[in-house]
Amino acid sequence: MTKTPAYDLLIIGAGPAGLSAAAAAAEHGLGVAVLDEFTEPGGRMLGQFHEEKGRWWVGRRVAEQLIEKCSVLGVDIRCGVSVHGMLRTDHSWVVRSASGSISAARVLLATGAAEIPQPIPGWTLPGVMSIGAAQVMANVHYVKPGRRGLIIGVNVLAMAIARELSVSGVTIAGIVLPERNSVSGQDALPEEAVKRLLNLAHLAPSPLLRIGGKLGARLGMAGTLSRIFPRDGMKIWGIPLQLRTAAISINGQHHVESVTLADVTIAGEIIPGSKREVQVDFVALAGGLYPLAELAAVAGCPFVYAKELGGHIPLHNENMQTPVKGLYVAGNITGIESALVAMAQGRVAAAAICRDAGVLGKGLEHTLDEATDHVRRVRAAALIQFHSGIPDAREQLYKKREEKAWM
Amino acid sequence: MERITFHPILGPQRIEREPVSFTFNGRKLTGLQGEPIAAALLASGIRTLRRHEESGTARALYCAIGHCMECRLNVEGRGKVRSCLTPLEEGMRITEGQQLPNEITGRKLQ
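Same order as they appear, the protein sequences are chains A and B. Note that the working numbering numbers the first sequence so that position 304 is 304, with each residue one more than the last. Note that the working numbering numbers the second sequence so that position 3 is 3, with each residue one more than the last.
Please note: incorrect hints may appear among the correct ones.
Computed beta-carbon distance windows for the label pairs [as the list claims (entries may be wrong)]: (1) GLY100(A) <-> VAL81(B): 17 to 23 Å; (2) ALA380(A) <-> GLY91(B): 52 to 58 Å; (3) GLU52(A) <-> GLU2(B): 27 to 33 Å; (4) GLN98(B) <-> ALA380(A): 18 to 24 Å; (5) VAL81(B) <-> ILE270(A): 39 to 45 Å; (6) GLU103(B) <-> TRP56(A): 55 to 61 Å; (7) GLY185(A) <-> ARG14(B): 35 to 41 Å; (8) GLY77(B) <-> GLN253(A): 49 to 55 Å.
None of these hints come from the bench; they were simulated from the model. Note that the Cβ used here is the ideal one computed from N, Cα and C, for glycine as well.
Looking at chain A on its own, in the form it has when it is part of the complex (with noise of 0.2 Å):
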């Protein structure tokens, strides 16, 4: 006999992709529970803010309208249960969590994304934290990562962050890259810091960015950027940025209470002789991040490997169905994007499974080609862009899935 799952669709992850493909799903009458870790739904929007055009998004409101939805259509949010199994049955899936077993018919994995650690002599020193840290401490819980901090690596996320930060009235005494070497890579290097801040062109009014939001595109500009780089940084919102100075280690007896620079070559190469400390409290690593996808491996989904996208993701198509019978995805598990893309992600993802559970009508197609479309659009307007080759990599992984010809 075959038990009826508690809901028409489970959703793992509270953020904007899992919220968006909630409220979508309920709206057309399918019964949706959204579980979460954290102690309260939105995902790392509730921190976000960034400026745009001399106003504020505030990825809080976002969330607040995406929650106050879901509560009217009658979507179950669970907060602070934790996932650690999933199991398919001959027409379900059971999922295992903090809170017991939880039967569905379809299962949307919306886990977002975790950050890359960056290890550096020092760092289980106490006030040494990831980038994310502390922004989730001062823009989510209110309370102040520290007196003044240093801000180890340089990328989208590093200055999105240190921006935030600064606002949010926590002294940032600079940012720097991290010390070349196996770990740190590419990370390490002056000209490769430039090219990831190319991307984040529109969002600074600060000279560097704005010339290289021009010239960016031709080839050899990254590098002519670093090399005229001033030695001693130059400051974007007020805040020291150092693409000459790295970290070599973070010093204390208890916590921190200092981090050792030096200055580096246009290779990355330590300068002898300019080695100096700066006192700081606190010490943000910021490593990048990557798909948080391990669900996807316990649920039997097959992976793929794209740089574009952040590292591994479960294989999917464009409808964020991966070849799993019953399993979808969306958001940053499908690759690192921001959060306006991963919303549009979750709305296709939940016509994809209003499709495939036959609630969507006549006209179907229609309805969910039109929430792709949105995604593209949306992915082509996107403000922060993570990493200059995701539409092509994209287009490549969806081209990958088809090929395969899994369902």
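Following the hints, complete the assembly by docking chain B onto the known chain A.
What follows is chain B alone, placed relative to chain A:
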């Protein structure tokens, strides 16, 4: 560390929280009801949440969203929890994660 009472862009905190008392390693402290234990401790200037099980060196909050497990500590009646995800409650008795007896690993540390 200092609390942000009114954020210049975000305004007041999303959820209004009542003050509660709790203890950490026997020390009486106050925090806000429902905020993560790690946030309450940081607001009281406490960063060290755990001693490394083997070496005994200090460990603290690292990722703040439950991925890294670095912030695990003990809450009486609940055992080991991730302090970044566990909401603070009135009267909680909390102790830092402890170094384990060396016999468990059998390894000699320098």
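Tested hints:
1. Judged by the Cβ atoms, the range 17 to 23 Å given for GLY100(A) and VAL81(B) holds: they are separated by roughly 18 Å.
2. Separated by about 54 Å at the C-beta atoms, ALA380(A) and GLY91(B) satisfy the suggested range of 52 to 58 Å.
3. Evaluation of the 27 to 33 Å hint for GLU52(A) and GLU2(B) yields a pass: the beta carbon distance comes to about 28 Å.
4. Checked against the hint of 18 to 24 Å, the C-beta distance between GLN98(B) and ALA380(A) comes to roughly 53 Å, which is inconsistent with it.
5. Checked against the hint of 39 to 45 Å, the C-beta distance between VAL81(B) and ILE270(A) comes to roughly 42 Å, which is consistent with it.
6. Separated by about 56 Å at the C-beta atoms, GLU103(B) and TRP56(A) satisfy the suggested range of 55 to 61 Å.
7. Range check, GLY185(A) to ARG14(B): about 39 Å between beta-carbon atoms, so the 35 to 41 Å window is met.
8. At about 34 Å, the beta-carbon gap between GLY77(B) and GLN253(A) misses the expected band of 49 to 55 Å.
Of the numbered hints given earlier, the model fails hints 4 and 8; all others are met.
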